[in-house]
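Novice: Based on the hints, put chain B in the right spot on chain A.
Protein chains in written order, with the numbering used here: chain A, 167 to 399; chain B, 700 to 917.
Be careful, since some hints might not be right.
[Unchecked claim] Think about it this way: if two alpha-carbon atoms lie no more than 25 Å apart in a straight line, the pair counts; the simulated DSS-like pairs of lysine-lysine are:
hint : chain 1 : residue 1 : chain 2 : residue 2
1    : A       : Lys239    : B       : Lys713
2    : A       : Lys306    : B       : Lys713
3    : B       : Lys868    : B       : Lys713
4    : A       : Lys238    : B       : Lys713
[As the list claims (entries may be wrong)] Pulled a few chain A residues facing chain B out of the computed Cβ check, cut under 8 Å:
hint : residue
5    : Gly194
6    : Gly246
7    : Ala249
8    : Thr269
9    : Gln272
10   : Ile390
11   : Thr394
If you're looking for bench data, these hints aren't it; they were derived computationally from the structure.
Because the structure is a prediction, the values reported are computed rather than measured.
By construction, the Cβ of each residue, glycine as well, lies at the ideal position given by its N, Cα and C atoms.
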Amino acid sequence: MIRKVVNNVTEACKGIENGMTLMFGGFGLSGIPENAIAHLVKLNNTKLTCISNNAGVDDFGLGLLLQKKQIKKMISSYVGENAEFERQMLSGELDVELIPQGTLAQRCQAAQGGFPAFYTPAGYGTEVAEGKETREFNGKWYVLEKAFEADFAFIKAWKGDEAGNLIFKGTARNFNPNMCGAAKITVVEVEELLPAGALDPNQVHIPGIFVQRIFQGKNYEKRIEQLTVRKRN
Amino acid sequence: MALSKDQIAQRIAKEVKDGYYVNLGIGIPTLVANFVREDINVEFQSENGVLGMGPFPFEGEEDPDLINAGKQTITTLPGASFFDSAMSFSMIRGQHVDLTILGAMEVSESGDIANWKIPGVMVKGMGGAMDLVASAENIIVAMMHTNKAGESKLLKKCSLPLTGVHCVKKVVTNLAVLEITKNGFQLLERAPGVSVEEIITATEGNLIIKGDIPEMKF
Numbered sequence: 167m168i169r170k171v172v173n174n175v176t177e178a179c180k181g182i183e184n185g186m187t188l189m190f191g192g193f194g195l196s197g198i199p200e201n202a203i204a205h206l207v208k209l210n211n212t213k214l215t216c217i218s219n220n221a222g223v224d225d226f227g228l229g230l231l232l233q234k235k236q237i238k239k240m241i242s243s244y245v246g247e248n249a250e251f252e253r254q255m256l257s258g259e260l261d262v263e264l265i266p267q268g269t270l271a272q273r274c275q276a277a278q279g280g281f282p283a284f285y286t287p288a289g290y291g292t293e294v295a296e297g298k299e300t301r302e303f304n305g306k307w308y309v310l311e312k313a314f315e316a317d318f319a320f321i322k323a324w325k326g327d328e329a330g331n332l333i334f335k336g337t338a339r340n341f342n343p344n345m346c347g348a349a350k351i352t353v354v355e356v357e358e359l360l361p362a363g364a365l366d367p368n369q370v371h372i373p374g375i376f377v378q379r380i381f382q383g384k385n386y387e388k389r390i391e392q393l394t395v396r397k398r399n
Numbered sequence: 700m701a702l703s704k705d706q707i708a709q710r711i712a713k714e715v716k717d718g719y720y721v722n723l724g725i726g727i728p729t730l731v732a733n734f735v736r737e738d739i740n741v742e743f744q745s746e747n748g749v750l751g752m753g754p755f756p757f758e759g760e761e762d763p764d765l766i767n768a769g770k771q772t773i774t775t776l777p778g779a780s781f782f783d784s785a786m787s788f789s790m791i792r793g794q795h796v797d798l799t800i801l802g803a804m805e806v807s808e809s810g811d812i813a814n815w816k817i818p819g820v821m822v823k824g825m826g827g828a829m830d831l832v833a834s835a836e837n838i839i840v841a842m843m844h845t846n847k848a849g850e851s852k853l854l855k856k857c858s859l860p861l862t863g864v865h866c867v868k869k870v871v872t873n874l875a876v877l878e879i880t881k882n883g884f885q886l887l888e889r890a891p892g893v894s895v896e897e898i899i900t901a902t903e904g905n906l907i908i909k910g911d912i913p914e915m916k917f
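Isolated chain A (complex conformation) (with noise of 0.2 Å):
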């Protein structure tokens, strides 16, 4: 077994330099690395370039992060319900490139897997293709999409073994397993550490080869962005 195991996020984050670029797991709030955001906050990096799909809210998630001006960009799907956020944007402190949602996963997963570039029918015929390569295959049209090339990616799993193995929870899988492996560093906490050999190989989503540290996460804040509920009766 190889140990992936640090013992606290400040070994987990060892490393990070200014102008660097970061992945971040998460869709809102769901499934964002917390305790890694947080001790960013701290290092207090710079000229940061983040690849999150969305870019936390005011006093929270990446937001955090935007109050202190340590993001130069901003790589994301979609980047509402941040008024720092849009001030910094129309006063052109911070450069922002908007991509597709399905982009975004597959330039993370293409980071992974190895492959440079590949053709998505997304944003064919929008600006998001302008100076981009295009081709027809079977005559629908395609936008050639490039790879993620960061340093690190910060990851929010459920559950983890020393060995790296991973285990994610409903909908804050997100892109987190997409950036397991799409950097050159991947940082992961979790909520539950386990033993190795206490997860079933099985249910594993994510093997412990894309993982470098990992390392248990404390104080969960979890926090709702938009609450929904239904009155019984």
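Specialist: Structure of chain B alone, referenced to chain A:
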């Protein structure tokens, strides 16, 4: 009488057939789930990673690890499954999802759709809309026929930045049901009490009218 948003959703629900996997966009499309016949089997996909989406949870039973693409707390139904984002969009681009219902700011007579960006206004992003419209075989747009100023949103050519080209198959508005054909918007049905003349006035794109146009049935 022009239809309410609920009535637009109710009319679109008739297009949902037994055995369909359906992706619903935010806004009027979300309401469609409330009107699908109970005697057919349908599964709703939410592109953040769930098939077999159920209703909102009861108060106190909400789970932050279980949300839909609108970031709302949801539940799952028996037979549901979770998956990652790449697999979710494999379902979408791979045309495994049978029907996509989404809103639009503008639709053109050639089936182009614009629904993600208004120049000069804060841009939030396209989310999964570009993947959905570029891939689905069967796309129905739910929208109001005109904007607040009374101008048509069914145009010869979209004026806003596009989300996708030649992709919309059917449009259901507060005034009419229209199919997009090679030659433009073919009028299929009109809202109860709405005249063909009213629809002609409210449609800038080429409108094709063949024979008597029936009123919608619910």
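Novice: Of all the hints numbered above, which does this structure not satisfy? Sort the numbers upward.
Specialist: 1, 2, 4 and 7
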